[in-house]
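Asks: Residues per chain are reported as follows:
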Amino acid sequence: MSEHTQTGEITAAQAAHSEEHGQAHAHQVSYGTYFMVWLGLVALTAVTVTIAGIQLGSLTLITAMLIASVKTALVGYHFMHLKYDNIIIKVFVLVCLVIFLTFWVLTFSDLSFR
Amino acid sequence: MNPIVELVDNSFIFIIAISVVLLVGVTAAMIYFVFRYSEKNNPKPDQSITGSTTLEILWTVIPLILVLAMFFYGYEGFREMRNIPPNAMLVKVTGKMWFWNFEYENKKTSDTLLILPQGKDVRFELMSADVNHSFYVPAYRVKEDCVPGRVNHMWFHTTNVGVYDIECAEYCGMNHSYMLGKVKIVPEKEFLEWYNKIDSVKKTDSLSVPTGNVKTDSLKTLQVKTDTIKAPVKKTDSIKVNTKDTLKSKK
Amino acid sequence: MANGTLANEVSYLEYQGKHKGIMGWLLSVDHKRIGLMYLMAILIFFFVAMTLGVLMRLEMLTPGETIMKPSTYNSVFTLHGVIMVFLFIIPAIPAVFGNFMLPIQIGAKDVAFPRLNLFSWYLYMVGAVLAVFSLFVGEGPADTGWTFYVPYSIRSAQNVTLTTMAAFVLGFSSILTGLNFVVTIHRLRAPGMTWFRMPLFVWGLYATSWIQVLATPVIGITLALIMLERFMGIGVFDPALGGDPILYQHLFWIYSHPAVYIMILPAMGVVSEILPTFSRKDIFGYKQIAISSLGIALIGYLVWGHHMFVSGMSDTSRIVFSLLTFLVAIPTGVKIFNWVATLYKASIKFSAPLYYVLGFIFIFSIGGLTGLVLGALATDIHVTDTYFVVAHFHYVMFGGMGIMFFATMHYWFPKVFGKMYNEKIAVIACTIIIIGFNVLYFPFFIMGYMGMPRRYYDYLPQFEGWHILSTVGSWILVSGIVFMFGNLFYGLLKGPKAAVNPWGGTTLEWKVPSPPPLENFDEIPVVTGGPYVHDKPTYIMHPGKEGINTNGGPKTINQEAAL
Amino acid sequence: MTEHSEVMQEQTHAHGGAHVHRDDEGSKMAMWLFLFTELLLFGGLFLLYGAYRFEYADGFKVAAADMNSFIGAINTIILLTSSLSVALSIAAIQRNQKKLTMAMLWFTILCGLAFLVNKYFEWSHEIHNGIYPGGPALENMSNGEVIYFGLYYVMTGLHGLHVIVGLIFIGFIMVFISRDKITSTNFQKLENAGLYWHLVDVIWIFLFPLFYLLH
Ligand code: HEA
Ligand code: HEA
Ligand code: CUA
Ligand SMILES: [Cu+2]
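Residue numbers (the numbering used here), protein chains in the order written: chain A, 103 to 216; chain B, 944 to 1194; chain C, 59 to 621; chain D, 26 to 240.
Calculated directly from the structure, the hints in this document are not laboratory data. Even glycine gets a Cβ: it sits at the ideal position worked out from N, Cα and C. Be aware that a few hints might be false.
Straight-line alpha carbon distances no greater than 27 Å define the calculated DSS-like cross-link-like pairs of lysine-lysine that follow [what the hints assert, rightly or not]:
#	chain 1	residue 1	chain 2	residue 2
1	B	K987	C	K407
2	B	K983	C	K403
3	B	K987	C	K345
4	B	K1039	B	K1140
Covered stretches of chain C (in silico footprint by chain D; criterion: 3 or more residues with CB under 8 Å from a CB of chain D, positions within the stretch not fixed) [claimed, not checked]:
#	segment
5	240 to 253
6	540 to 553
Residues on chain C that point at chain A, a partial pick, calculated with CB under 8 Å [as the list claims (entries may be wrong)]:
#	residue
7	I312
8	S314
9	I357
10	Y359
11	L360
12	G363
13	S372
14	D373
15	S375
So that you can see chain A by itself, here it is in the shape it has in the complex (with noise of 0.2 Å):
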């Protein structure tokens, strides 16, 4: 795992960028925000096992992938901090999230019509 951590060296440019946002990217969050973010994910648990409790049919299943998408995009935004990433990460997570979204367009469009 190491491996992936390792760092790799950089031509002049970067260097001579890195002082701007190449290194000390340290975007400082407050331990109060965290703290928030957690009780939200708490809450968002609470709601969903509750919500499996009381019989709302199809409706079920969306609601459980609503709230836990919601509870990823708060992970991965603010634990992850997306937030104050470089835009490119952000694209990139985008086109990630696309593909893996088309393979189940096109699966399902077998699926639903066999």
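Following the hints, complete the assembly by docking chains B, C and D with the ligands onto the known chain A.
Replies: For chains B, C and D with the ligands alone, kept in the frame of chain A given last:
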């Protein structure tokens, strides 16, 4: 005439014709340029040529139109293949390692040899008893996989009297290449005579034909050599009928 | 600085570091040495798989048993396919020449993660050893075809587990290489090397790397599931337990279709390098070629279902996949047309690499255009799983990527080894290869349309003539290939020393010595223009000496480059 | 100019990672790319889950009724909390609070272990009841249930494996911190470990409702 065969062959010719034109064009231009603009003939290259928006648009849009046409032709043939006539006669086809089993509507069964009346629409329900197979009749340009656990469909219209090859086109183990069969098209009267005979055909039925290059003994060995195969399918009753199929019969 | 210059006079081949002799290679994290280690390993497996191919042709020379039993034949084509796909064609150009040239072409000293790079090589070797191992233990190698379709792959008593494990490990090697390249391209470009000043080979690798990262994990999990299914019977793919074999095919092709563009995009990148060099002229439509690489990669994700047109997939799905399939032809066509247009009003120096490229354009077009026959529903249903498909993919894989691999070996030979080969013999060998290739594979198209199914040990009498012709073609091809490798090998041992820039290339690798020094550049160059400009220099090789302030002038460019 | 040529000189001497300039941004990018591969690795399984859930909706419901959603919920909270502590450890190292950083990471490891212990009891309970691939209880179950449990074991098993890998990753990071290899100005390794841990958390966020809350 058989409409599927015609549609398949026509779309093949259509695609190949366009392809040949493109291939010849590209190759000819390439070879011409290599000679015309060789070091000797053109010592000074024209460095000002780096691209052309007009050309880029042309060779994006024209190919787009061409491929959409190809798609459309392919789609038309496909629609015919999936458009099963409602009163087609039904034959259930089961692929087993490594032979074909056919069951007619009156429960008459036959292995390897499929006898059909001339000039009829025939619908096939394709099933498998073990692994994937693919029921392929090159003369009618159709094939469809036999997948364990489900039922697939296929149909064709029988035309000329004669004997045609059946091949298994999905790899299914050691004797995949010997999983052959024949479809014999006979005049309707002759068919009905055979069809209404009570007992099912044996492999050595008088109507059977030598199966091409397959040595007769290889037909005998078909079922013995199962040694490379582990346990057979556990529940054979799990084959479910595919009710949600989009291919509604022709109204 | 004096120290650095000294170190740079020693080529990477001669450099003696901490470790001497063979360990200096096996533990080297230098991208060039790793590239060469890949080359050795890959060539060995290429020879093995080619030999298997020739053996198959021998078996098909006569109907019935010629030299092997049916079960042997089944293992042979499986191993041929697995080795060709996972051990040769996917890693070949990226792992060998990508590793070697990518850092140099973007003006960097190494890839972003040199140690990870070495680790990928070791993973590759582990996968390779597993594949070879499967030959000798238990019941022998898998006999499922390289597609490992269930339920046969669950039931077969052969060593399917080992073979899938090999493919699994190789997948991770491929992922890590891709990951390394993406970061390298984003982070290590020399000052002034904007996205649209990158050589097109780099663009090809960039698109390829993204496919490696985003598609390969899917096959990883799929193959792992096959292993689990064999060990424990978890049921997800076993129809006896309710599993759906068609779902397996979806997962397999979600990776394996994009994988065919992993195979071809780097090769197309090399085409875009060789053409401007020997045309002595800028490439035609640089941006379109660059973007079309991304286009192919992207659309490549959407078409996997065209391998399943007769599997029992829903009709809606078949129609959607067929339509999407045709869209890939557009960016590919854009590339082909731009390449041909590059030759227009050029000043062409005819040579072996260029000859291979011309062969590529011709042969790959045949392969690609017949891909359209497969993409159209009606025709595919007739020819799928026949020799038509076998012909198609040998035309695009061998005739496309394989031929370009040969071209690449010739083109960068002087740079990699610092030696020259015999040009005349190279041209003759290329001619024999192109002729042999077509005699070998063109009959497959005809047989396929006549209804000769693939993976057939035996065949019906109507195909005999075509099979004989094709087997004869394989002998012509063998002689051409032996000739070609012999020539290269002789050049390696006895060839004259190569100049820094024997072809008059314009990209950065032609600005460093042949073979390149350990760290490629003693000073990171500054880029001032496009990669294929022939009439003026577009690189400043010693910005320090010339007193160029790389930090001052092209600031905006730097910012763009940093993305 | 002066500052710049220094950088380049440094580059000249450096080789093979011996004395190289750091590129945190590149390191982070690599980590994200690696997370994508993890995501798609699980993605294949999620796709299978979706497909079979679609095909065998009833069987899945029957099977899920067996699951103890209480344990599932507890485990969810445990993982969420461990995610918080990893995030806090990064915030702490930024503020140069080494002790707090280490404490937070210890806490994370404890959470991870608690999660695994819970999983262990859950699995052994089911295995005890004969519910496992090829187990006696599955004999009488419908196809949907068999596949549900097949996927359950594979997905939670693979996830558990990731928890273990994440723990080892964090363990290494703690060694680095104690040796001051990771500091308030050089903590990308910790950040990467955090990213990995959060991904493990995110996957569980989906596994939980899919396997436990399906009544
Ligand atoms: C290097 C690998 C490679 C490449 C690049 C391609 C490229 C393409 N492939 Fe191929 N393919 C394979 C490797 C590859 N393939 C393999 C290995 C298999 C079999 C797997 C197995 O089952 O074992 C396969 C199988 C396969 C099938 C399934 C066949 C079947 O099993 O039934 C199909 C179906 O659509 C297909 C289509 C295409 C298409 C449309 C392209 C397109 O990308 C081609 C685009 C190129 C051109 C179109 C030619 C050049 C363009 C012009 C000259 C411009 C003008 C063009 C037009 C106006 C149209 N391929
Ligand atoms: C890059 C990919 C690649 C390449 C280059 C090749 C190359 C060849 N292939 Fe391959 N082939 C595949 C990929 C490839 N194949 C795949 C993926 C399959 C599908 C497998 C499956 O169905 O699962 C397949 C299937 C396949 C089949 C179909 C099997 C079947 O369906 O029944 C056949 C049949 O003839 C065949 C033949 C050949 C031949 C004759 C060569 C020839 O080109 C080989 C030429 C060989 C030489 C020219 C050898 C020269 C050199 C030496 C012998 C050594 C000399 C030594 C020194 C100089 C030191 N291949
Ligand atoms: Cu049955 Cu092939
Ligand atoms: Cu494909």
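Asks: For every hint, state whether the structure bears it out.
Replies: These are the hints, each one checked on the structure:
1. K987(B) x K407(C): Measuring from Cα to Cα gives roughly 12 Å; hence the hint holds.
2. K983(B) x K403(C): Given that 27 Å is the threshold and the Cα spacing comes to 12 Å, the pair holds.
3. K987(B) x K345(C): OK: K987(B) and K345(C) at ~24 Å, within 27 Å.
4. K1039(B) x K1140(B): holds (25 Å)
5. 240 to 253: Coverage by chain D holds for the segment 240 to 253 of chain C (5 residues, Cβ < 8 Å).
6. 540 to 553: As far as the segment 540 to 553 of chain C goes, the hint is violated, because 0 residues have Cβ atoms under 8 Å from chain D.
7. I312: holds (6 Å)
8. S314: violated (13 Å)
9. I357: violated (11 Å)
10. Y359: holds (6 Å)
11. L360: holds (6 Å)
12. G363: holds (7 Å)
13. S372: This interface hint holds because 4 Å falls under the 8 Å limit.
14. D373: At about 7 Å, which falls below the 8 Å cut-off, the nearest Cβ of chain A leaves the hint on D373(C) intact, so it holds.
15. S375: Holds. Min distance 4 Å.
Comparing the model with each earlier hint shows violations of hints 6, 8 and 9; every other hint is respected.
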